[in-house]
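There are 2 protein chains.
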Amino acid sequence: MQAWIPGICSGVFDLQNKKQVGKDKEFMFKVTFQLEGGESIEAFAAEGENLLEVARKTNVAIDAPCSGNAACGKCRVKLIKGEIDSKKTSHISDEEYEQGWRLACVSKVDADVEIMVPDIASAYKSRMKVADLDSAKEIEIFEKTKADIEAAGIEFKNDLEVVRVTMEVPSLDDTMPDNERLTWAVEAACGMEHVKIPFAVLKTMAETLRKYNFDVQCVIRKGGDKAEVLDICGPEEQVKLCGLAIDIGTTSVAALLIDMKKGKILAKASTGNGQIRFGADVINRIIESLKPDGKEKLQDAIVSETINPLIKQMCRSAKISPQKIYRMCVAGNTTMNHLLVGADADPVRMEPYIPTFYETTSIHAHDLGINIFPHARVIMAPNIGSYVGGDITAGTLASCIWNRPEMSLFIDLGTNGELVFGNEEFMMSCACSAGPAFEGGDISCGMRATDGAIEACTIDKDTMIPTLSVIGDEGQKAVGLCGSGIIDMISELFRCGIIDPKGKFIREGDRVRHDKYGMGSYVIVFKEDAASVKDVEINEVDIDNFMRAKGAIFSAIRVMLNSLDFTVDMIDDVYVAGGIGSGINMQNAVNIGMFPDISRDRFHYIGNSSLSGAYALLLSNEAEAKVHDVAHNMTYLELSNEPTYMDEFVASCFLPHTDAGLFPSLTFK
Amino acid sequence: MQAWIPGICSGVFDLQNKKQVGKDKEFMFKVTFQLEGGESIEAFAAEGENLLEVARKTNVAIDAPCSGNAACGKCRVKLIKGEIDSKKTSHISDEEYEQGWRLACVSKVDADVEIMVPDIASAYKSRMKVADLDSAKEIEIFEKTKADIEAAGIEFKNDLEVVRVTMEVPSLDDTMPDNERLTWAVEAACGMEHVKIPFAVLKTMAETLRKYNFDVQCVIRKGGDKAEVLDICGPEEQVKLCGLAIDIGTTSVAALLIDMKKGKILAKASTGNGQIRFGADVINRIIESLKPDGKEKLQDAIVSETINPLIKQMCRSAKISPQKIYRMCVAGNTTMNHLLVGADADPVRMEPYIPTFYETTSIHAHDLGINIFPHARVIMAPNIGSYVGGDITAGTLASCIWNRPEMSLFIDLGTNGELVFGNEEFMMSCACSAGPAFEGGDISCGMRATDGAIEACTIDKDTMIPTLSVIGDEGQKAVGLCGSGIIDMISELFRCGIIDPKGKFIREGDRVRHDKYGMGSYVIVFKEDAASVKDVEINEVDIDNFMRAKGAIFSAIRVMLNSLDFTVDMIDDVYVAGGIGSGINMQNAVNIGMFPDISRDRFHYIGNSSLSGAYALLLSNEAEAKVHDVAHNMTYLELSNEPTYMDEFVASCFLPHTDAGLFPSLTFK
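Chains A and B, in that order, are what the protein sequence lines are. Numbers given in the numbering used here equal positions in the first sequence, counted from 1, plus 39. Numbers given in the numbering used here equal positions in the second sequence, counted from 1, plus 39.
A portion of the hints provided could be inaccurate.
The list makes no distinction among identical chains, and a pair is therefore deemed to hold if it is satisfied within one copy or across any two copies.
[What the hints assert, rightly or not] Okay, derived cross-link-like pairs now, DSS-like style, lysine-lysine, Cα gap no bigger than 30 Å in a straight line:
#, residue 1, residue 2
1, 303, 330
2, 336, 235
3, 330, 250
4, 96, 242
5, 665, 242
6, 336, 250
7, 242, 330
8, 301, 183
9, 69, 358
10, 127, 543
11, 235, 665
12, 96, 126
13, 573, 543
14, 176, 303
15, 555, 541
Hints listed in this document are in silico derivations from the structure and should not be mistaken for laboratory results.
Starting from the given sequences, assemble the full structure and let the hints guide the process.
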């Protein structure tokens, strides 16, 4: 049977980078990490060194969404040989402890030891997924975004261009140096008055110009009467003018490789954010970045371990050189943006929550170490606050709610929840600390929407036997619950009267258990039928965690609307975005009181709107200008300053809500 | 007795960088270089590998001005242990061969071997010289340059400034991000409309602003209504706003560290150009740069081995952090400029001699790897052709000939000779391949003007015994002749009738010898009295080489003036610049027909005019604009296109000239 570590996935293991740590210290023990994939990595640890820390330094991926505070119980590893000083915790049963299971975060090295790391590293690798573009579904959403934005009067045109430039070949009578010769020729070819040649081009132009006898194609960027020469290519080359749109989520990173001339998607891929081994949420990441070399480590985790491999993979799939990517657009939250550029993110988390930048235009790929054309401009979708970032402004752009008369609510369910409400006349945004529950975090059997995840379910009211829909090939056994599965599960448990409005188990049966402290749980899959070392079950703590998450969303909607003198029934449309998956059952989400009770056909799942927003910004200079308009016109509401928020939140932590009147379409028995 | 390698000095030996080469090859031999200073360096060489190449790869400095063609005879090393496959050449006598002397460039490794490298590396180190600024002489020339340029109406003012910027401390009610907050505050403080924050500053500003509670000083660069924030410092800091002026010569590099606010020189230093181990002249350097990784090696030799140590030394002496150097001005010839930026210099040497750039404004210190403030702008004095570079335009600026009604001739005697003739109305420039003779190259006993160099001499006409002036402390023995010494020597040999107008020895005596081929030579110092393994002597080949050098200068003057319908007697003033030394005897230079026969009091030695020009460009934006005017207004005459040049050159290769009428003030017996 396959051992597993559930839930939010882990960092990345870099084969090129087997570091040995602690070598200079006086007492050293050898720690051998046996990865389930078969790989074995050696490290050295000082006496008493924390096992999770050793793994991090060695780039061995061990999942630790709580950042090593023994809170989440996900960093479980198995002792194979030797001993380790490890506290017992409630996350490991006596039987499991007996078998050698330990939490890495509470284990201290005090001898040579061999540790089995469950299949996280390879799970991570498999998650580097290049989409099959032949499937219309993969492209559809971007084409729809483009059509919507174009319908709003935004032209899909950008300032990158390939120009054929033919110069006089220099002679003793014509001794103009290369840079002036090219400048003049480009000016003549494009009707520009000021042509700039950046240093990187200056440095290499002599060879290229001579190789092609001063008859070349130039990749240029036009702006007003100015142009900048980005690259010089041969006259016959089929110059690929590519761009990269990238959504940097706290948990996942998704990207598109795009032909900038044709607007065609050449590759689409996604992977986990390599920073996850430094914590599941932005706060833990920021804290990690404050440690010595922390900023560099976090930047390295997202750039070298995540984005660069993703680019390599996509370029290989599309048969494009990364050097042909001349522009990049990033949509990420404010913390991700700061950690990406290597800026101090601490002020993002500390009152008064002032980041270094909302907008910045001065960044190029080489500044960040991103392996594309070094002088490629990096467009960053603007942040509007410490907790409403470029992912939301890009997503709002993609949703087109700024162009509609209808009152629309845009909800992005990422590692946190962000909301935008408004229409063509105004917009307000807020962020709520929903936590990582929608992506499977904070849930004992939670996981992301990958193979083995239960993405949907129903429960037979009489037998309490569930019918599950599991992601993966035919016969794939269940590992855990992803976001949409949790929504269905709680909705069904509630509908079947197995749990009460407070999320407490009130029926008895085979599948319902209570432990010695009285905590109830429901067995979704018995371990015999699961791809797991234990039963897949959901317990009252999980349900409570999820109810707080959904409560945070609903109360945020209520408070934001209240602040504008709106009520939830005045919402015309709801646009749901994020990694929760297209399988989300909107009826169930309303049933549990997560979304407002409006007509189900006014709910629209718009997928990864950050990525489709980034796609638009990359391809259209007008869209880039528009997103700044959108950002400037968006008010930010700091929920924690709203006196009613706490009461609203508490009232929302019920199924569906303490005020049933807010959900008139639901019938309760 | 101390062994020696004469003449132009060598590269640099980097203790940090003991590389072992050839390790991957099948047959390897160990080569141990014993430096005379006591250091020992090991390398590995493949069978048959050239010893000079092995030394270069290992960063062991062996002098090879002819770039390893067995032509100059300067790469002599001594076999200590083992054998080496080494051809005999005319540069090593039988006796010397017996003693173990070999030319590295013709030696092939075919066994483990131990090689003594004469005292070049340490000679090189001693040449890193920080000037004593208490000596008025060191400062004088720069103050004079400044006064002259100011007299021409150029203001000594630059666009760098330190501004106190006090911001509102952010709060929950004032959530402007750091970059906008600073931008607004700087705009308000300076009355600027557009303030730019470069990426490097963006990345680190959060910490600095918070450390000083949003009350800081900013180093800014102003231009029109725009400003750029270069650095952020504490409110109480005595912000040093420093600049670096640097003259990159083919042989030597000299620099000034300057307080940009006060215009005060904080340090002055000079060193050898580390590229010299790749050849003494620009052509050999370019050829070396075409080899694999050649551009990187040449750039590394000038940046990491030469400029960065020089900066470190000066900063240490002035007690300044290199990070406080916010601007840099480079004056170098066209090849040096191209090798500095890592551009392909091959077109500089190949017809039609078209470099990548004459002018470039897009370079910053970090582009070149120079260890100062990374975003420091690098001003490059403009080149006007492949053989008239920024050293000459900067030097011309410093000479102020562009501001005088008098007809002036500016002569820069560097590794080549460059001339500018004109006045406030016009200027023409040309370059002549004088070769490295003025710096001691191409002369068997030639050397640069360092300790042991004979810088002046007279000869007793009767006894033929010379009276020498040797650079160095009391009792310093002679090693060889530097440029000014060679001029004196040839002038005196001619005056005393020891050589004829063709440079052939025509008197007999103790000191005059003829070898078996009939080649005459004159012993300047017998080896017993010299700091050398052999007699210091000058032979007919040396004299011939020097006569071709001086002939190149004089004929260039003639041809350039002819092309303008001028004659040499119409020159009002001659400004002599370059490393030949302030000790140059102008009378003797006229005697040998090197300089035109005008009144001696119209000759002006202006020292290192490239460096004083760079000093002006650094401190004054108007001077920077002016040097571009000067460059644009300067015509370039390609001497090799002039039909009369060959005849003029041949006629000038006599003492003083075949047409004695050109030197009316000289009386000949």
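Status of each hint after checking the structure:
Within a single copy, residue 303 and residue 330 get their C-alpha atoms no closer than 42 Å, and across copies no closer than 41 Å, so neither meets the 30 Å cut-off. Taking the shortest alpha-carbon separations for residue 336 and residue 235, only the inter-copy value of 28 Å comes in at or below 30 Å, while the best intra-copy value is 35 Å. In the homo-oligomer, the alpha carbons of residue 330 and residue 250 lie at most 30 Å apart only across protomers (17 Å), although the nearest pairing inside one protomer, at 50 Å, exceeds that limit. Only between protomers do residue 96 and residue 242 lie at most 30 Å apart by alpha-carbon distance; the minimum there is 24 Å, versus 38 Å within a single protomer.
Taking the shortest Cα distances, residue 665 and residue 242 sit within 30 Å of each other only across copies (26 Å), while inside one copy they are farther apart (36 Å). Only between protomers do residue 336 and residue 250 lie at most 30 Å apart by alpha-carbon distance; the minimum there is 23 Å, versus 41 Å within a single protomer. Taking the shortest alpha-carbon separations for residue 242 and residue 330, only the inter-copy value of 17 Å comes in at or below 30 Å, while the best intra-copy value is 38 Å. When the C-alpha separation of residue 301 and residue 183 is checked against a cutoff of 30 Å, the pair qualifies only within one copy, where the shortest distance is 16 Å, while the shortest distance between copies is 62 Å.
Taking the shortest alpha-carbon separations for residue 69 and residue 358, neither the intra-copy value of 42 Å nor the inter-copy value of 46 Å comes in at or below 30 Å. In this homomeric assembly, residue 127 and residue 543 come within 30 Å of each other (Cα to Cα) only inside a single copy, at 27 Å, whereas the closest approach across copies is 99 Å. Proximity of residue 235 and residue 665 under a CA criterion of 30 Å is satisfied in both settings, with 27 Å inside one chain copy and 22 Å between copies. In this assembly of identical chains, the alpha carbons of residue 96 and residue 126 lie at most 30 Å apart only when taken from the same copy (22 Å versus 56 Å across copies).
In this homomeric assembly, residue 573 and residue 543 come within 30 Å of each other (Cα to Cα) only inside a single copy, at 22 Å, whereas the closest approach across copies is 103 Å. With identical chains, the CA atoms of residue 176 and residue 303 are at most 30 Å apart within one copy only, with a shortest distance of 15 Å there and 69 Å across copies. In this homomeric assembly, residue 555 and residue 541 come within 30 Å of each other (Cα to Cα) only inside a single copy, at 20 Å, whereas the closest approach across copies is 115 Å.
Against the hints set out earlier in the document, violations occur for numbers 1 and 9.
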